[in-house]
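Assemble chain B onto chain A, guided by the hints.
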Amino acid sequence: MRILKDRLAKRTMLVLTAVPTFLVLLILIGLFIRARPILAQKPFFSLFFSSAWSPLKGDFGLLPFIMGTLWVTFVSLVLAVPISLLTAVYLSEYAPLSVREFTKPIIDLLAGLPSVIYGVWGVLLVVPLVGRVIAPLFGVTSSGYTILAGGIVLAIMIFPTIISVSLEVFSSIPYPMREASLSLGATKWETVHHVVLKKGLQGIIAAIVLGLSRAFGETMAVLMVVGNIPRLPGSVFDGGYPLPALIANNYGEMMSVPLYDAALMLAAAVLLLVVLFFNVLARLILVRVERRAA
Amino acid sequence: METRTHISVQDLSVYFDELRVLTDISIDIPDHKITVIIGPSGCGKTTLLKSLNRLLDPLDGVRVGGRVLVDGIDIYDPRTEVTEVRKKMGLLSQRPQVLPMSIYDNVAYGPRIHNHIDKKRLGEIVEHYLHMAGLWEEVKDRLGEPASRLSVGQQQRLCLARGLAVGPEIILGDEPTSALDPQSSQNVERRLIELKEEYTVIVVTHILRQAKRIADYIAFLYLGELVEHGPAAEVFANPKNPRTRAYLTGEIS
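Just so you know, the protein sequences line up as chains A and B, in that order. Residue 60 in this note's numbering is what sits at position 60 of the first sequence, and the numbering runs on without skipping anything. Residues are numbered in this note's numbering as their position in the second sequence, beginning at 1, plus a constant of 1000.
The set of hints was computed from the structure by calculation and includes no laboratory data. Any given hint could be a false lead.
[To be verified] To give an idea of the interface, some chain B residues facing chain A are shown, with a C-beta separation under 10 Å as derived from the structure:
| # | residue |
| --- | --- |
| 1 | Leu1091 |
| 2 | Arg1095 |
| 3 | Arg1162 |
The beta-carbon is built from N, C-alpha and C at its ideal position, and this holds for glycine as well.
Same shape as in the complex, but just chain A (with noise of 0.2 Å):
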């Protein structure tokens, strides 16, 4: 009887764990079986790479959306590495303890907003400085509603994950081993680059990849300030029109124009494929460098 029950739980335990695996998979040929219809009907090129966009004749070019979604993540990672990555380092090597007491809190309540705040916030500041006063001076005129504008409200929102994450990284580097660099007469900064940085790579790159995924699908936010012009976008200073928002938008609605539903099932399946090609791509890096510092 015992046997059977210890054997019972080791199976709905299985089960259990097998659920989620199996979910994204689940999910990924639900995606597809609603867009076979327009995958039967319209050319491949022409739905991934055209950036014709009229439904209503239509044209089903995702080439827009796709890039718009690589542009306003790839500024915010521009912008939100860096940043954070010196945050995280002062914070955990040069902050006297009780700013860092202070500040962590409050970094991880960042995180915890909900993305429409950061919307409106998005909305109300960084539009308008984004159009007023950064597009002039590049001598570009612009509504403010641009990729960057996305790029920024979107950096500021992976801020959090990266900092904690990494600071969680610094944490587990042993004390001794900066004592160690110290003590041949390293400075503190050279302590940080050859020893702390260095052993924490691993560490780094997945704090980066966790604020990547959450870029991509972050929705709400840049669909209030990135203008949704569904065309390709030229330089930062233009509109863009993301996959999720394009979803986001535009779901429930025309729903009577033919193809639309797929056309947007097919929107997601992409969306569902980039951030997956990502983090495959992620989980290699991290496995050459853990090869590599073994």
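Showing chain B alone in chain A's frame:
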């Protein structure tokens, strides 16, 4: 002017917040000898050792009073460059702390950050100090491997080589054999005895037998006070203070 030793501690007190960890320590550490700091756990041995190369600085809430003179310079004087002080001392910690890089780069770390030297010369330096630490034969074919792949005993000798490569005058050991097996411990002890010809060695230990094996000079700390210090033979044979006697006979620990 009287001849000073390399390290002279004068009225050193250390506080962690309100707690006084070391009280008015004064001692001249004899040059080219092995000075062993003994005492029960928590008596401030490690704190004393770390105060000698200002490794207490980065900790929050630490205050240091008194003076530590290294070659006549007060290391706690704000004008003193802390990296220069630390360069004069190599540190062996309780657990060997190899840096996250190759065996070669570990030894080359100090020379690289302190002076720009060409590759060939650097290679010679690395080989020289690995020889001195008695590690060269074991690692000469695998210098590019991560240092973390070495055994713990080898890692500790690597740390020794790394410390020596900076060109110090003083070697500090904070229970340097406590994580090692008996054979590796013996190996490290032997190195230290060899090295006292050229260096001044200060070792913290709570192993009395080890102190007897390697010490020329003994400093006994108890509850943050320097109870007694003197040549090892004298202190062991004929301790003057009753507390030292009690510690040596195992009555207090």
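Those earlier numbered hints the structure runs against, lowest number first: none
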